[in-house]
Structure formats: structure tokens, C-alpha cells
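Colleague: Chain by chain, the residues:
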Amino acid sequence: MSKKLLTITSVLLIAVFLLAACKPAATPTEEATMPVEPTSMPDEPTMAPTMAPGEPTTEPPMDKTTITIWNQWDGKYLEAIEAAFKDYEAAHPNVVIDLSKPEDVKSALTVAIPAGEGPDIIGWANDAIGEQALIGNIVALSDYGITSEFLSSTYEPAAVNGVTWMGSIWGLPETQEGIALIYNKDLVTEEYLPTDPLDFEGLLASATKFKEDTGNPLICNQGFGANDAYHMSPIYFGFGVPAYVDEEGKGYMDTPEAIAAAEWLKKLSAVSFAENSYDICNAALAEGKVGMWWTGPWAVAGIEESGVNLGILPFGRPFVGIKTLLLTTNAVTRGNTDIAIDVMKYFTSAEVQKKLSLVNKTIPAATAALQDPEVAALTAVVGFGAALNLGVPMSPSPFSSAQWDPVGNASAAVWTGAQEPAVAMADAQSAIEEKVAGMK
Amino acid sequence: MNGWLGRRKWITIILFLLPTIIAILVFNVYPILLNTYISFTNRNKFRPNPNCDVALTGLLDPLCWPSFRENAPKGLGSPYVLQDPILGNYDTLMGKLFTPEALLALLFVVLVFSPIIAANYFSKKQERKIHKKIPSGTIWLFGLLTAVALFFVLNIPRSINELMATGDFLTVVFRTILFVALRVPLTFLIGLILALILNSDNLPGKTFFRVVLFIPWGASSVAILMALVWQFLFRQQGTINQIISLFGGTGPIWLNNPVLAFGVIVLADIWFSYPFFMVSILGALQSIPKELYEAAEVDGADWWTQLSRITLPLIRPAVLPAAVLTSITAFQMFGTAFAITNGGPVRGAGVPGATEFVMVYAFKQIFQQQNYGTATAFAVLIFILLFLATLYSLRVTRMTKGAYE
Numbered sequence: 001m002s003k004k005l006l007t008i009t010s011v012l013l014i015a016v017f018l019l020a021a022c023k024p025a026a027t028p029t030e031e032a033t034m035p036v037e038p039t040s041m042p043d044e045p046t047m048a049p050t051m052a053p054g055e056p057t058t059e060p061p062m063d064k065t066t067i068t069i070w071n072q073w074d075g076k077y078l079e080a081i082e083a084a085f086k087d088y089e090a091a092h093p094n095v096v097i098d099l100s101k102p103e104d105v106k107s108a109l110t111v112a113i114p115a116g117e118g119p120d121i122i123g124w125a126n127d128a129i130g131e132q133a134l135i136g137n138i139v140a141l142s143d144y145g146i147t148s149e150f151l152s153s154t155y156e157p158a159a160v161n162g163v164t165w166m167g168s169i170w171g172l173p174e175t176q177e178g179i180a181l182i183y184n185k186d187l188v189t190e191e192y193l194p195t196d197p198l199d200f201e202g203l204l205a206s207a208t209k210f211k212e213d214t215g216n217p218l219i220c221n222q223g224f225g226a227n228d229a230y231h232m233s234p235i236y237f238g239f240g241v242p243a244y245v246d247e248e249g250k251g252y253m254d255t256p257e258a259i260a261a262a263e264w265l266k267k268l269s270a271v272s273f274a275e276n277s278y279d280i281c282n283a284a285l286a287e288g289k290v291g292m293w294w295t296g297p298w299a300v301a302g303i304e305e306s307g308v309n310l311g312i313l314p315f316g317r318p319f320v321g322i323k324t325l326l327l328t329t330n331a332v333t334r335g336n337t338d339i340a341i342d343v344m345k346y347f348t349s350a351e352v353q354k355k356l357s358l359v360n361k362t363i364p365a366a367t368a369a370l371q372d373p374e375v376a377a378l379t380a381v382v383g384f385g386a387a388l389n390l391g392v393p394m395s396p397s398p399f400s401s402a403q404w405d406p407v408g409n410a411s412a413a414v415w416t417g418a419q420e421p422a423v424a425m426a427d428a429q430s431a432i433e434e435k436v437a438g439m440k
Numbered sequence: 441m442n443g444w445l446g447r448r449k450w451i452t453i454i455l456f457l458l459p460t461i462i463a464i465l466v467f468n469v470y471p472i473l474l475n476t477y478i479s480f481t482n483r484n485k486f487r488p489n490p491n492c493d494v495a496l497t498g499l500l501d502p503l504c505w506p507s508f509r510e511n512a513p514k515g516l517g518s519p520y521v522l523q524d525p526i527l528g529n530y531d532t533l534m535g536k537l538f539t540p541e542a543l544l545a546l547l548f549v550v551l552v553f554s555p556i557i558a559a560n561y562f563s564k565k566q567e568r569k570i571h572k573k574i575p576s577g578t579i580w581l582f583g584l585l586t587a588v589a590l591f592f593v594l595n596i597p598r599s600i601n602e603l604m605a606t607g608d609f610l611t612v613v614f615r616t617i618l619f620v621a622l623r624v625p626l627t628f629l630i631g632l633i634l635a636l637i638l639n640s641d642n643l644p645g646k647t648f649f650r651v652v653l654f655i656p657w658g659a660s661s662v663a664i665l666m667a668l669v670w671q672f673l674f675r676q677q678g679t680i681n682q683i684i685s686l687f688g689g690t691g692p693i694w695l696n697n698p699v700l701a702f703g704v705i706v707l708a709d710i711w712f713s714y715p716f717f718m719v720s721i722l723g724a725l726q727s728i729p730k731e732l733y734e735a736a737e738v739d740g741a742d743w744w745t746q747l748s749r750i751t752l753p754l755i756r757p758a759v760l761p762a763a764v765l766t767s768i769t770a771f772q773m774f775g776t777a778f779a780i781t782n783g784g785p786v787r788g789a790g791v792p793g794a795t796e797f798v799m800v801y802a803f804k805q806i807f808q809q810q811n812y813g814t815a816t817a818f819a820v821l822i823f824i825l826l827f828l829a830t831l832y833s834l835r836v837t838r839m840t841k842g843a844y845e
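Chains E and L are the protein sequences, given in the same order.
Just so you know, the working numbering puts 298 at position 298 of the first sequence, and the rest follows in order with no gaps.
To convert, take the position in the second sequence, counting from 1, and add 440; that gives the working numbering.
Hints in this document: simulated from the structure, not taken from any laboratory.
Built from N, CA and C at the ideal position, the CB exists for glycine as well.
Take these hints with a grain of salt, some might be off.
[As the list claims (entries may be wrong)] Computed list of lysine to aspartate or glutamate pairs in DMTMM-like fashion (alpha-carbon distance at most 25 Å, straight line):
| id | chain 1 | residue 1 | chain 2 | residue 2 |
| --- | --- | --- | --- | --- |
| 1 | L | K804 | E | D246 |
| 2 | L | K536 | E | D338 |
| 3 | L | K514 | E | E191 |
| 4 | E | K345 | E | D186 |
| 5 | L | K514 | E | E117 |
| 6 | L | K804 | E | E89 |
| 7 | L | K514 | E | E82 |
| 8 | L | K804 | E | E434 |
| 9 | L | K804 | E | E275 |
| 10 | E | K440 | L | D524 |
| 11 | L | K804 | E | D279 |
| 12 | E | K354 | E | E82 |
| 13 | L | K514 | E | D228 |
| 14 | E | K106 | E | E434 |
| 15 | E | K106 | L | E737 |
| 16 | E | K440 | L | D742 |
| 17 | L | K804 | E | D98 |
| 18 | L | K804 | E | D104 |
| 19 | E | K250 | E | E275 |
| 20 | E | K355 | E | D104 |
| 21 | L | K804 | E | E82 |
| 22 | E | K440 | L | E737 |
| 23 | E | K266 | E | D143 |
| 24 | E | K440 | L | D641 |
| 25 | L | K514 | E | D279 |
[As the list claims (entries may be wrong)] One-sided and incomplete, this derived list gives chain E residues near chain L with beta-carbon spacing under 8 Å:
| id | residue |
| --- | --- |
| 26 | T9 |
| 27 | E89 |
| 28 | T255 |
| 29 | P256 |
| 30 | E257 |
| 31 | A260 |
| 32 | E275 |
| 33 | Y278 |
| 34 | G302 |
| 35 | V332 |
| 36 | N409 |
| 37 | A410 |
| 38 | A413 |
| 39 | Q419 |
| 40 | A422 |
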């Protein structure tokens with residue numbers, strides 16, 4: 001009798017083991033979604049405080065909709081942005097907004113979307129549009145009632161271009177970004193400032209003179225010597241290169257303009273730091289060891305904090321990047337599109353962007369906010385606005401992803417002297433062509 | 441009534457084994473299969489999604505499985521298909537290796553090592569002789585000299601350059617092998633010296649030193665952070681250059697120079713890994729009976745003879761497997777190089793940077809460029825290499841088994 005019991009127990013035990021072991025085999029989600037869990041974990045803490053003001057005393061109603069926004073806002077930016085979303089929650093008690101910031105958005109999306117998890121809205125730069133649309137993680141807003149009339153009447157033309165791809169609208173523009181020369185007024189006097197924003201020889205002469213006079217370099221740029229085509233953009237485009245890669249996939253790095261730009265870069269490297277990074281430039285500008293920092297609006301708050309008497313000088317033709325809010329397929333499958341689009345419209349509206357601009361010194365994409373007298377008077381908006389007017393909009397085409405590595409590496413090789421400008425540019429061109437061929 | 445026989449026995453055994461077998465299939469075999477399959481496709485940024493109607497894709501790609509199929513993103517991109525020709529990705533990585541010039545260059549490189557292998561063989565043969573022994577030192581010296589002579593006669597640097605031009609694969613692998621060849625022996629040497637010091641009987645504060653010297657091994661749990669400290673030391677404005685400027689000199693820009701940057705990575709990684717060797721050797725040293733040294737002293741053996749005739753042969757069984765395993769981990773080194781140089785310094789567009797080791801290269805291909813096809817083909821090649829190395833390491837481990845018997 002006891003023997004039989006033993007057999008039954010052992011069979012049951014085996015069955016338990018089997019079931020436990022089979023589980024991952026039947027639903028390999030376990031394995032696939034694993035990386036997402038830690039990234040979505042931090043939602044909870046941010047959710048709790050955001051929920052609290054939304055529903056002060058009433059018991060939670062059952063039909064609350066949670067809109068998850070994955071974003072890349074950090075540090076001081078985030079405080080003002082969180083406040084803006086809290087206002088929205090206060091006005092719409094049935095909506096909970098959950099902000100989270102996965103470490104690697106791209107990889108996290110790859111596993112989250114097929115599993116039906118992840119965001120309704122992604123806050124991302126517009127150059128991600130093409131790639132994400134090809135995968136199918138994001139959906140075209142034009143299918144959900146956003147018209148180009150609405151877009152062009154609300155936002156700046158560059159921003160409208162930046163979210164339109166293949167005849168569809170893929171996102172709502174939040175802010176515009178581009179880089180300009182932020183200089184220390186106490187160190188860099190009028191004599192060193194070029195008057196024409198495209199006078200590269202003049203800037204080089206100033207840099208040489210500044211180095212002779214003070215022993216310090218004039219310009220710091222985190223892209224100097226690094227694989228960073230974005231921070232190199234004012235130079236190449238300023239010399240007349242129309243784009244690194246255009247929408248058809250044609251590269252422009254072997255043009256005489258590109259080679260001239262690379263040669264200028266080589267000359268500038270002789271009077272600059274050999275190594276540059278965000279932190280090096282930030283510290284050097286704060287300590288007065290460098291005159292100018294070629295950077296974007298995101299750095300302004302930090303520079304002001306360090307007490308530098310700053311001025312902003314537009315120079316070259318920088319890339320104009322558009323920070324956008326994109327709608328994911330999740331929002332569609334969850335039936336959240338209406339609320340999600342309402343949240344997107346709210347956040348990119350002139351009213352909210354004006355508030356954010358005044359605190360965060362960002363350049364709004366909404367026309368009404370940009371023309372607001374209070375915003376228009378900000379130093380950052382004046383300086384960067386002029387740079388953006390000179391700039392080249394970043395293309396949402398996925399071909400643009402072929403540009404970053406070749407241009408960045410070639411520029412770094414020119415900067416360190418590993419390659420001569422003409423050779424480096426020729427290599428960059430063939431690397432771009434190879435990549436584009438792989439995509440076609 | 442005895443149920444423990446025949447078929448029932450086997451069913452029970454299989455039922456008990458099944459969970460493990462399934463786990464191995466799911467977590468080991470399946471990823472390898474999927475990776476190998478992808479390496480034959482043209483999957484990349486523009487062809488990100490599977491076409492589930494293709495039988496193998498439908499079976500292997502998770503997005504085609506019933507639980508994900510519904511939610512799987514359907515974008516504007518076309519689905520990935522098998523490469524045409526099927527070995528296309530492998531061809532881009534190392535296709536040019538199979539030209540007569542490149543093969544000749546490869547042959548030259550192998551030839552340079554042949555005198556050393558021959559020396560190893562002959563010296564072993566001579567050791568077994570009783571009469572008319574040629575001292576093994578002479579044979580080794582002869583072998584080494586021939587190797588050096590061959591190096592110049594065959595113009596090996598040119599052959600290496602030719603091989604490097606055949607594609608990213610050999611460039612990256614060669615550089616990684618060079619890294620391993622520098623790092624492992626140096627780590628062993630430092631570990632041995634420190635272990636010998638720590639093992640001496642009249643060292644005051646032995647425990648203290650043992651703990652302090654072991655710190656880098658613990659610090660590898662915060663490896664990225666420590667690597668950033670190393671990066672800071674070797675920056676243009678970093679600590680080393682500031683010390684140099686105190687003495688009136690100007691330090692080099694370490695991380696922009698391919699050779700120096702390589703050296704910095706080797707140095708940093710040695711710092712991370714010498715404690716492993718130190719502790720394994722220390723353990724082995726303590727298991728050597730003291731009587732052997734006493735007997736040697738009675739026979740008048742000096743320190744060097746004791747080291748080379750007693751210590752080294754007796755720690756060999758412990759150290760050799762450790763060395764092989766360290767070589768394999770060193771081959772897969774990622775964190776230190778990625779944090780300090782990010783694979784740089786850059787040598788231009790379209791070529792791997794000067795410290796872009798195999799794992800850094802694979803990471804960049806997948807996560808920064810989304811070249812899934814090429815990256816998985818690269819991974820398959822590396823897998824084959826490491827698999828062979830592991831088989832060899834098993835042989836080495838078995839080889840040392842009889843040492844104490």
C-alpha cells in the first residue's frame with residue numbers, strides 16, 4: 001500500500017517538476033521580457049507621487065486609464081515636466097500618467113511591444129521615426145485625426161518637416177534643438193567674436209589668437225576627437241555640405257565642401273584640447289580654461305549654475321533635432337489612442353511649452369510659445385533660435401542612421417591625425433555607401 | 441512484484457531527466473539555433489520583422505509564436521529573408537581570406553611559429569634520452585632564433601597587414617589574440633611574484649597584504665566604475681599627465697594613440713585580474729610539502745633551482761587550467777575596453793578601432809548599428825573558435841591530472 005502511495009507521490013512530484021520546467025518552454029515570454037522588468041520597475045515610485053494629487057479624497061474609480069510615457073527627460077528638465085503632467089492629471093481625474101525612463105529604449109521596446117507591455121507614448125528625437133516606423137513600433141498620427149493643417153498651424157515649419165515622413169505624420173513636436181557657441185563673456189571679448197556666423201576662417205584665426213594670448217583653447221566641443229557626427233554638423237553643413245546622407249540614400253562626404261570642412265577641423269585641432277567630452281567641456285568652461293563650448297540648450301542650465309557670464313553665438317549650420325512624442329501600437333491595441341493623443345497635444349501645446357521654456361530654457365516647437373514675448377526674450381531662445389534658423393533639419397528617414405558612424409569616425413580620425421582629411425572623407429563616403437546598400 | 445526493471449526503469453529515468461533536458465534545450469540550444477539561423481539572413485534595420493510564412497522563420501522567431509503573433513509589430517519595413525548567396529554575411533566578414541595572396545600570408549604567419557613548436561617537440565624528445573643529451577636550452581634558443589629570422593625573412597608585418605585587409609573578422613580576432621597573449625602571461629608573472637612574497641614565512645602583516653592585494657578582484661564587481669577611474673588617470677588632463685607636468689614634461693595623449701591606448705587597456709585589465717592568479721598560485725604553493733625544500737637545501741640547491749625545479753612544476757596542475765580559463769575570459773573581454781576607450785582610438789570610417797576586441801565589435805554591430813545578420817555571423821565564428829579553445833582546455837586539464845600521483 002505504502003509502495004503505491006510512494007509511486008503516486010513520485011509521479012505527482014515529477015509532474016510538478018515537469019510543469020515548472022515546461023513553463024518557460026511553452027511561454028518563452030519569461031526569457032524575452034526579463035530585461036523589461038527592471039526597466040519598468042522604476043515606474044512604480046514615480047507613479048505613486050503622480051497619482052496622489054490627482055485623486056485627493058475620492059476612492060479610486062474603476063475606469064482609470066493609465067498612459068505610460070517612456071521618455072529621455074532627465075535631471076532638472078524632468079521636474080518641470082512632471083509638474084506639467086500633474087496639472088493634466090488634476091484636470092482629468094480619470095487619467096493617470098506614468099513617466100518612466102528605460103535605460104535602453106530601443107532594446108526595451110523590442111521585447112515590450114510584442115508582449116503587449118510598454119508605453120503608449122514615447123518621447124524621442126525625430127531621427128528615430130523612420131526606424132521605428134519600419135519595425136512597426138509606432139503608428140502614424142495621420143490615421144488618428146491629426147491633419148497637416150493642424151500641424152502647420154500649431155508648430156514651426158522645421159518641426160513639421162521633422163515629424164513628416166513618407167507622406168504621414170508620425171509624432172507631435174515638443175522642442176527644437178541645435179548647437180551654438182556658448183561663450184564666457186568675461187574671457188572672450190568682442191575682438192574674438194566672428195561677426196558672420198559662416199566665417200570659419202575668422203573663427204580659426206580667433207582661436208589661434210586666443211591660444212596665443214591666453215594659452216587656453218578657444219573652443220571645446222564634445223564631438224572633437226569622438227565618434228559624434230551630431231556635434232560636427234555645424235562645420236560640415238556650414239562649409240556647404242547639404243546633408244551627410246539625403247532621403248534617397250546618397251552620401252555627400254566626398255564632396256570638396258566636406259573635405260574643406262575636414263581640413264578646417266584639422267587646423268582647429270592644433271589649437272584645441274586633444275580630448276573633449278561633455279564633462280571636460282563643462283568643467284573647462286566653468287573654470288575659465290576654455291572660452292567657448294559648442295553645445296546645445298540642454299547645457300545652459302548647468303552653465304548658469306556654475307556662475308559663468310554666458311553669451312550665445314550662433315555659428316555654422318547645426319543639425320536641427322526635434323524632440324517629439326510618438327504614439328505606439330500599444331496605445332492602439334489598448335484603445336487608448338484618444339486619451340494618448342490628447343496628452344500629446346496638451347504637452348506640446350504652446351501654453352505648456354511656454355512654461356517649460358521659461359524654466360528649462362528649451363526652444364519650443366509650438367509657434368505661439370516661441371513668439372510669446374517672455375519666451376522670445378530669453379537669451380537661450382535668442383541665441384539658439386538664430387542657430388536653428390541657419391540649421392539643417394534632421395531627417396526622419398532611416399537612411400540617416402547610416403551617417404552617424406562613418407561621419408563620426410572619419411571626423412575623429414581627422415582630429416587625432418590618424419588619417420588625412422581627404423582620405424578620411426573618402427573612407428566615410430564608402431562606408432556610408434556600403435551601409436545604404438545594405439539597407440536597400 | 442518488482443517494477444524497477446526494464447521499460448519502467450527507463451521511463452522513470454527519462455522523466456527525471458526531462459526537466460533538465462528541456463531547460464538545456466530552451467536556454468542553451470534554442471538561442472544558438474536562432475542565432476545561427478539569423479546569421480544566414482539579411483536581417484537589419486530595414487528588414488527588422490520576420491515573415492512567419494517561411495517555415496524556419498515561423499518556427500524559430502519568437503515573434504511568430506502564437507503568444508506574440510497577435511501583438512507583433514507590423515511596420516513599413518520588408519521582412520528579412522535568407523541571404524543570397526546564403527553565406528553572404530560570412531563573406532563580408534572574412535570572404536577575402538580565401539584569395540591566394542591572403543592564404544599565402546596566413547601560411548607565412550603559421551610558418552613563423554613552426555620552429556617554436558619543433559623546439560618544444562625536440563626538447564621533450566631529448567629529455568627522454570639518457571646519453572648524448574642536447575640541453576633543451578640550446579634547442580629552444582635555436583628554435584627562437586629561427587623564428588625571429590623567419591619573421592624578418594618572410595616580412596611578417598606585411599603579411600599581417602594583408603590579412604587585416606581581408607575583413608573585420610581577422611582584424612578584430614588578431615587584435616584580441618594579441619591582447620590575450622600580452623595579458624595572460626603578465627598577469628601570471630605578477631600573480632606568481634606576489635604569491636611567492638605572500639607565501640614567505642617571515643612577512644609581517646601577511647593577512648593585511650593578502651586582503652589589500654585581493655581588492656582589485658572585488659573591485660571588478662564595480663568594473664565599469666573602476667575602468668572610468670583608469671580612464672581618468674590616462675586622460676590628456678588626467679592624473680598621470682599632471683604628475684608628468686609637475687616634473688616639467690608633457691605627457692602623451694594616451695587614449696588617442698593606438699599603441700598607448702592598447703597598453704592602457706592591458707594594464708587596467710591586468711590590475712583587475714592578477715588577484716585570481718595570485719590566489720590560485722598561493723593555494724597551490726601552500727599545498728607543496730615543506731620537506732621538499734628542506735631536502736633540496738640539504739642537497740645545496742639555491743633559490744632559483746628550488747623555484748624552477750620544485751615550485752613551478754608543482755603548481756603547474758593548479759595554474760595551467762586557470763591560465764586556459766583566463767585566456768578564454770580575456771578573449772571575451774568587454775567592460776574594461778568599452779568603458780575606457782569605447783573601442784577607440786578611431787582609425788577612420790568603416791574599420792574597427794584600435795581596441796575594438798571581439799565583444800566590443802559584436803556589441804557595436806548589434807546595439808549601435810542593428811546589423812543583426814553580420815553580427816550573428818560574427819558570433820557564430822567566435823563561438824566556433826572558443827569552442828575549439830574550450831575543447832583544448834579540457835585536454836590540458838586532463839593532461840595535468842596525474843601530476844601528484
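Colleague: For every hint, state whether the structure bears it out.
Modeller: We went through each hint and held it up to the structure:
Restraint check: the Cα-Cα separation between K804(L) and D246(E) comes to about 24 Å, which is no more than 25 Å; the hinted pair holds. Between K536(L) and D338(E) the CA atoms are separated by roughly 55 Å; this puts the pair beyond 25 Å, and the hint is violated. Restraint check: the Cα-Cα separation between K514(L) and E191(E) comes to about 57 Å, which exceeds 25 Å; the hinted pair is violated. A hinted pair counts as satisfied when its Cα atoms are at most 25 Å apart, and K345(E) with D186(E) does not qualify at roughly 42 Å.
With a CA separation close to 16 Å, the supplied pair K514(L) and E117(E) stays within the 25 Å bound. Taken as a hint, the K804(L) and E89(E) pair is broken in the structure, with Cα atoms around 41 Å apart against an allowance of 25 Å. Distance check on the hinted pair: K514(L) and E82(E) sit about 32 Å apart at the alpha-carbon level, beyond 25 Å; violated. A threshold of 25 Å between alpha carbons decides the hint, and for K804(L) with E434(E) the separation of about 17 Å falls inside it, so the pair holds.
A threshold of 25 Å between alpha carbons decides the hint, and for K804(L) with E275(E) the separation of about 22 Å falls inside it, so the pair holds. Restraint check for K440(E) and D524(L): satisfied, since their Cα atoms lie roughly 14 Å apart, inside the 25 Å limit. Proposed proximity of K804(L) and D279(E) is supported: the alpha carbons are some 23 Å apart, at most 25 Å. Distance restraint check for K354(E) and E82(E): the Cα-Cα separation of roughly 15 Å lies within the 25 Å cut-off, and the hinted pair is therefore satisfied.
At roughly 32 Å between alpha-carbon atoms, K514(L) and D228(E) are farther apart than 25 Å, so this suggested pair is violated. Note on K106(E) and E434(E): the hinted pairing holds, with a Cα-Cα distance of about 23 Å set against a maximum of 25 Å. For the given pair, K106(E) sits about 67 Å from E737(L) by alpha-carbon distance, which is inconsistent with the 25 Å threshold. A distance of roughly 72 Å separates the Cα atoms of K440(E) and D742(L); the hinted pair therefore is violated under the 25 Å criterion.
A threshold of 25 Å between alpha carbons decides the hint, and for K804(L) with D98(E) the separation of about 31 Å lies outside it, so the pair is violated. For the hint linking K804(L) to D104(E), the alpha-carbon distance of about 14 Å falls within 25 Å, and the restraint holds. Between K250(E) and E275(E) the alpha-carbon distance is near 32 Å, which puts this suggested pair outside the 25 Å criterion. Simply put, K355(E) and D104(E) have alpha-carbon atoms about 29 Å apart, too far for the 25 Å limit, and the pair is violated.
Between the alpha carbons of K804(L) and E82(E) the distance comes to roughly 34 Å, so the proposed pair goes past 25 Å and is violated. Restraint check: the Cα-Cα separation between K440(E) and E737(L) comes to about 76 Å, which exceeds 25 Å; the hinted pair is violated. Of the pairs offered as hints, the one joining K266(E) and D143(E) is violated, with about 48 Å between alpha carbons and a cut-off of 25 Å exceeded. Under the criterion of a C-alpha separation no larger than 25 Å, the hint pairing K440(E) with D641(L) is inconsistent with the structure, at around 70 Å.
A distance of roughly 41 Å separates the Cα atoms of K514(L) and D279(E); the hinted pair therefore is violated under the 25 Å criterion. This hint is violated: T9(E) has a C-beta 13 Å from the nearest C-beta of chain L, more than the 8 Å allowed. Of the supplied interface hints, the one on E89(E) is violated, with its beta-carbon coming no nearer than about 28 Å to a beta-carbon of chain L, more than 8 Å. A least Cβ separation of about 15 Å between T255(E) and chain L goes past the 8 Å threshold, and the interface hint is therefore violated.
Contact between P256(E) and chain L, as hinted, is not supported at the beta carbon level, the nearest pair being about 18 Å apart and thus beyond 8 Å. The beta carbon of E257(E) is not positioned within 8 Å of any beta carbon in chain L (closest approach about 17 Å), and the interface hint is therefore violated. The criterion of a C-beta within 8 Å of any C-beta in chain L is not met by A260(E), whose closest approach is roughly 18 Å, and the hint is violated. This hint holds: E275(E) has a C-beta 4 Å from the nearest C-beta of chain L, less than the 8 Å allowed.
This hint is violated: Y278(E) has a C-beta 14 Å from the nearest C-beta of chain L, more than the 8 Å allowed. For G302(E), the shortest C-beta to C-beta distance to chain L is roughly 19 Å, which exceeds 8 Å, and the interface hint is violated. Below 8 Å, beta-carbon pairs count as interface contacts, and V332(E) has none with chain L, the closest being about 11 Å; its hint is therefore violated. At a threshold of 8 Å, the smallest CB-CB gap from N409(E) to chain L is about 4 Å, leaving the interface hint in force.
Restraint check, A410(E) versus chain L: the minimum CB separation of about 4 Å is within 8 Å; hint holds. Taking 8 Å as the C-beta cut-off, the interface hint given for A413(E) holds, the closest approach to chain L being about 4 Å. Interface hint status for Q419(E): upheld, as the beta-carbon distance to the closest one in chain L is roughly 5 Å, under 8 Å. Because the smallest distance between the Cβ of A422(E) and any Cβ of chain L comes to about 12 Å, over 8 Å, the interface hint for this residue is violated.
Comparing the model with each numbered hint stated earlier shows that hints 2, 3, 4, 6, 7, 13, 15, 16, 17, 19, 20, 21, 22, 23, 24, 25, 26, 27, 28, 29, 30, 31, 33, 34, 35, 40 do not hold.
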